[in-house]
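In order, the protein sequences belong to chains L and H.
Under the working numbering, the first residue of the first sequence carries the number 45, and numbering increases by one thereafter.
Under the working numbering, the first residue of the second sequence carries the number 906, and numbering increases by one thereafter.
Hints were generated in silico from the structure; no laboratory data involved.
Keep in mind the model is a prediction, meaning the values are calculated, not measured.
Glycine included, every Cβ here is placed at the ideal spot set by N, Cα and C.
Heads up, some of the hints might be wrong.
[Said to hold, decoys possible] Dumping the calculated EDC-like pairs for lysine to aspartate or glutamate here, alpha-carbon to alpha-carbon at most 20 Å:
id, chain 1, residue 1, chain 2, residue 2
1, L, K497, H, D977
2, H, K970, L, D719
3, H, K992, L, D789
4, H, K934, L, D754
5, L, K939, L, E794
[To be verified] Not close to chain H: a few residues of chain L, all C-beta gaps over 10 Å, as computed:
id, residue
6, S265
7, K485
8, N532
9, K932
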Amino acid sequence: MNKNLRITNSKFIDQTSRISFKFDGKTLYGFKGDTLASALLANNIHLVGRSFKYHRPRGIMTCGSEEPNGIVQVGKDPSMTEPNTRATEIELYEGLEATSQNCWPSVNFDIGAINNFFSPFIPAAFYYKTFMWPASFWEKYEYFIRKSAGLGKSPTKPDKDIYDHKYLHCDVLIIGGGISGIIAAKTAAQNNLNTVLLDDKNNLGGTTLFQNNECFKINNSYSSEWLKKEIESLNSFNNLTIKTRTTLAAYHSYNYLLARENLTDHLSLIEKKDKIRQRLWKIRAKKVIIAAGAMERPLIFNNNDRPGVILSSSIKKYIDYYGVKCGQKISLFTNNDAAYETAISLSKSGVTINSVIDIRDKSNSSIVKEAEKLGIKIHWRHTVVNTNGYKRISSIELMKLSDDGTAVVGNKSKEECDCLGISGGWTPRVHLFTQSGGKLKFRDTDNTFLPDKSESEQISIGSCNGDFELDDVVKNSNKSIKEFLNLNSSDYENLKINCSKETDKKNIWLLPSNKPLGKTKPFLDFQNDSTAKDVKLALREGFKSIEHVKRYTTTGMGTDQGKLSNMHALGIIAETAGVKIGELGTTTFRPPYTPLTFGAIVGRNVDEFFDITRRTPMHDWHTKHNAEFENVGQWKRAWYYPIENENMHEAVQRESKAARDSAGILDASTLGKIDIQGSDASEFLNRVYTNAWSKLEIGKCRYGLMLNEDGMVYDDGVTTRLSENHYIMTTTTGGAANVLSKLEDYLQTEWPELDVYLTSVTDHYATVSICGPNSKKILSKVIPDLDLSDKEFPHMSFKNALIDNVRCRVMRISFTGEHSYEINIQSSYGKSVWEKCFEAGKEFNITPYGTETMHLLRAEKGFIIAGQDTDGTMTPVDLQMDWIISKKKYDFIGKRSLYRSDTIREDRKQLVGLLTDDPNEVLEEGAQIVSETNKQPIEMLGHVTSSYFSPNLNKSIALAVLKNGKKLKGQKMFVPMKTKTINVTITDTVFLDKENKRLNA
Amino acid sequence: MFLINCPYCGERDQSEFSAGGEAHIIRPKQPTELSDDQWAEFLFMRKNIKGVQLERWNHAHGCRKWFNMVRDTSNDKIHAVYKMGEKPPIK
Chain L
45 MNKNLRITNS KFIDQTSRIS FKFDGKTLYG FKGDTLASAL LANNIHLVGR
95 SFKYHRPRGI MTCGSEEPNG IVQVGKDPSM TEPNTRATEI ELYEGLEATS
145 QNCWPSVNFD IGAINNFFSP FIPAAFYYKT FMWPASFWEK YEYFIRKSAG
195 LGKSPTKPDK DIYDHKYLHC DVLIIGGGIS GIIAAKTAAQ NNLNTVLLDD
245 KNNLGGTTLF QNNECFKINN SYSSEWLKKE IESLNSFNNL TIKTRTTLAA
295 YHSYNYLLAR ENLTDHLSLI EKKDKIRQRL WKIRAKKVII AAGAMERPLI
345 FNNNDRPGVI LSSSIKKYID YYGVKCGQKI SLFTNNDAAY ETAISLSKSG
395 VTINSVIDIR DKSNSSIVKE AEKLGIKIHW RHTVVNTNGY KRISSIELMK
445 LSDDGTAVVG NKSKEECDCL GISGGWTPRV HLFTQSGGKL KFRDTDNTFL
495 PDKSESEQIS IGSCNGDFEL DDVVKNSNKS IKEFLNLNSS DYENLKINCS
545 KETDKKNIWL LPSNKPLGKT KPFLDFQNDS TAKDVKLALR EGFKSIEHVK
595 RYTTTGMGTD QGKLSNMHAL GIIAETAGVK IGELGTTTFR PPYTPLTFGA
645 IVGRNVDEFF DITRRTPMHD WHTKHNAEFE NVGQWKRAWY YPIENENMHE
695 AVQRESKAAR DSAGILDAST LGKIDIQGSD ASEFLNRVYT NAWSKLEIGK
745 CRYGLMLNED GMVYDDGVTT RLSENHYIMT TTTGGAANVL SKLEDYLQTE
795 WPELDVYLTS VTDHYATVSI CGPNSKKILS KVIPDLDLSD KEFPHMSFKN
845 ALIDNVRCRV MRISFTGEHS YEINIQSSYG KSVWEKCFEA GKEFNITPYG
895 TETMHLLRAE KGFIIAGQDT DGTMTPVDLQ MDWIISKKKY DFIGKRSLYR
945 SDTIREDRKQ LVGLLTDDPN EVLEEGAQIV SETNKQPIEM LGHVTSSYFS
995 PNLNKSIALA VLKNGKKLKG QKMFVPMKTK TINVTITDTV FLDKENKRLN
1045 A
Chain H
906 MFLINCPYCG ERDQSEFSAG GEAHIIRPKQ PTELSDDQWA EFLFMRKNIK
956 GVQLERWNHA HGCRKWFNMV RDTSNDKIHA VYKMGEKPPI K
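Let the sequences and hints guide you as you build the complete structure.
And the structure:
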């Protein structure tokens, strides 16, 4: 470790506790309190990565979340490694392993750097323009482009870390713990408001925390000392919650905010084990105070991206906070007073300062006077025209600016340096304000966008509101806070504040050079390698909107989202296009403010508790009998019951045959059940189903089809009239919730005059369905005193009954075309009734069957499944179910749509049956149907919706939707597959028992 | 994420609600007497205003009641909520 770069008097770094870490495989040391960036700089390592496009060497540039270059891969574990983390935000911990990104084989020798020499041939949008043609070659290009693109590597295994979500409600939320945030927090807390203060750093205080400068004093103390006491006084409030290491990620409407708290990222590998890594706070605040601060701007000049070029305020933080010298011979380049604070700090710490290069003509502020007093050399009205050095800056070249600042004049001079601090003024962090819907205004005097009209209960204070001088920050923050919280006074009324005030301002977005623009590389977006040239090219090519220029040049599209680059891009566009920046507007700042881990977004991994799993009362029985389950919505439904080594096909064939030959038993508990009561229940059903319901006798069941208002089939099911004003409706398993809410919608909004009440009773009843020629015999054993004669209990009717003194409803209805019964009983008795039926059916070889067999059996009968044979584009007429549309009813949902010009078209896709020429050939569901095989391209006339091998017919059967299908019965069609073409014949949809004899067998 | 004042339950998070599109589109009482164009007007045409809009909302994960809302779509400001069948409070 190079001791020269660490000074010993930093209060914030514990130089007694040494921490070892690895960077690019090399073991290095830092101290507790360091970030990875400060520790690397202390080790004299600036070069940490390669740029995205040209693979130019890049070094650490900032000390915060806006860092564009110092992004590294952390960790080696394939389940925990994290790409694109900012070295400036990673707190050093024992065992930290970080590596450079976007370079191969190493950051010091990177093959991709050859792109830098080809850079004249890789302008903005190079990829768009070059890989456009021929279109069919994209698949070949893609592999190489994807390989060379991207920063860092994703983890390849599931994340082992624990994440968490928590809700937080408060009166006042304060974002940012700098000087204005502290003033806000204390004022709010003193007034008994439930207050929360967030800061993304590990401690409060912002940049004032280390401001020990004679020019900035409050009540005759250094501003840092004054603030320290204020921070200490916050501990006395019980109604104030302080969260450090917590980044506000998103600010949504109605003061709903998301903040990510880092709980263990700063701990050693041993300490963080089994602890929650990050917590996402979901905050609803009555009032929000944004005190997010400001970011320093870079300056845009030729080769402004070399390692060793750092924002001047960051150099100040590295020396004053971390005790790290960013170099031993530092030059500073500025257009404002901020660089002089850095110069004074460096000078006091004994670092050699070559000079301050200032583009302004002069400055009369006290801080500049102070710097001059210390003997710091200042080049007024000068600019840097070039930097030298490859992996580290070695010298800069300066020239004098012309009077109007558009050109350079005179002779070039050279200055040796190992670090260049740059300061281009300040950009208020207005990201969160705009995320919440706030509108910005533009201030010409210092080219800043500032919060203007806000859409929610919030204010911005401090430098994020454009106050850059200490006295303005304190006085204006105090005034705004009092107004916002309706207070008459606060602790901060009569402070004595001394501060240096900036007297002269000057800004040049793109600094002139002695070379033509085409021969220079003035970088705007350091991460995405876009230069001022690229932006100008975009304008020449006709892009005008800032949003388009952004996408065309990728300026501002890196992981830093253009925090450093956006203002200069805007400035250069405005200047070139001859418009005002204020009129140009900004690009949209979208959440998250800084990248979030997927873990934080997802929250805790709760495995099976993530979503409800619904199981029927008979579930355990199915499990015990070897059932395979199918997910239907949240339900687990028995799919088939393999015996010994049966595969699905064998099991389904056996179950299907047994159900028709003797008896089958199905768990139908998952079907949606809606209890309908009220004096208008019959009228209500009349309006929601296509067929007529008023005349349905009590004790009878009827199949109904429900349409959308557009005439398309929505759901179907059997509804039973239990008494005069009482019905029970069944729906499809997957459609139950939607049907109920649709019915509620009509009842509450269209027909509030109807006296009808709907209750979901799906979970309240278990349903056992017994079907097959022996079902009657089995039921008579289970309920001996029920008269099962066709006369007393015909098909489509219902009886109340008792099983062991427990009331149940028995319906004689059938979805298989067999004689069958459904017993509905209170859920808690479901399993015992199921077992009772199974026991009673044993002598008839009763066979449990699952959903797959149920689907096969109904397909043999041509019964549709809403959602499988229909897809929201099928009318009842398309389904050849004209019989279910009441001609007499004046209206029902969807009726008018059934004779719109489009729905009466005869060549719509219609439901048909398909038989394969080879009876053993089973079609694939979803396969397309065509009329010819020799033509290309060929129109797809339809597709297969249901397809099975029927053991009862001993041949393959299928349902399909086919254009003009009704009229094509008997014709031949083709189903082209990858390796062959299957010949099919169009048939009727009913394959088995067209006369419905089996229902009464 | 809105904070919605359900007329039956009070202030609740938006995640409890579902939006139901434009309000006050009355289902024609005599659909059979409408031309295709008139029916299409009812069935398909929605205003999608940028500005103050009357909307249907359902407290789906709460009381399951439908109600109406006056919302400015340009800034998501909710000016009022009112029950089904009530007239919109004049803005």
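Hint check:
1. L:K497 with H:D977: Cα-Cα ~16 Å, so holds.
2. H:K970 with L:D719: 18 Å, holds
3. H:K992 with L:D789: The given pair, whose Cα atoms are some 18 Å apart, holds under the 20 Å limit.
4. H:K934 with L:D754: The hint holds at about 16 Å.
5. L:K939 with L:E794: Answer holds: K939 (chain L) to E794 (chain L) is near 16 Å, not above 20 Å.
6. S265: The assertion about S265 (chain L) holds, with a minimum of 43 Å to chain H.
7. K485: The claim stands: K485 (chain L) keeps its Cβ more than 10 Å from every Cβ of chain H (closest is about 17 Å).
8. N532: About 29 Å separates N532 (chain L) from the closest Cβ of chain H, which puts it past 10 Å; holds.
9. K932: 12 Å, holds
Every hint, counting from the list given before, is met by this structure.
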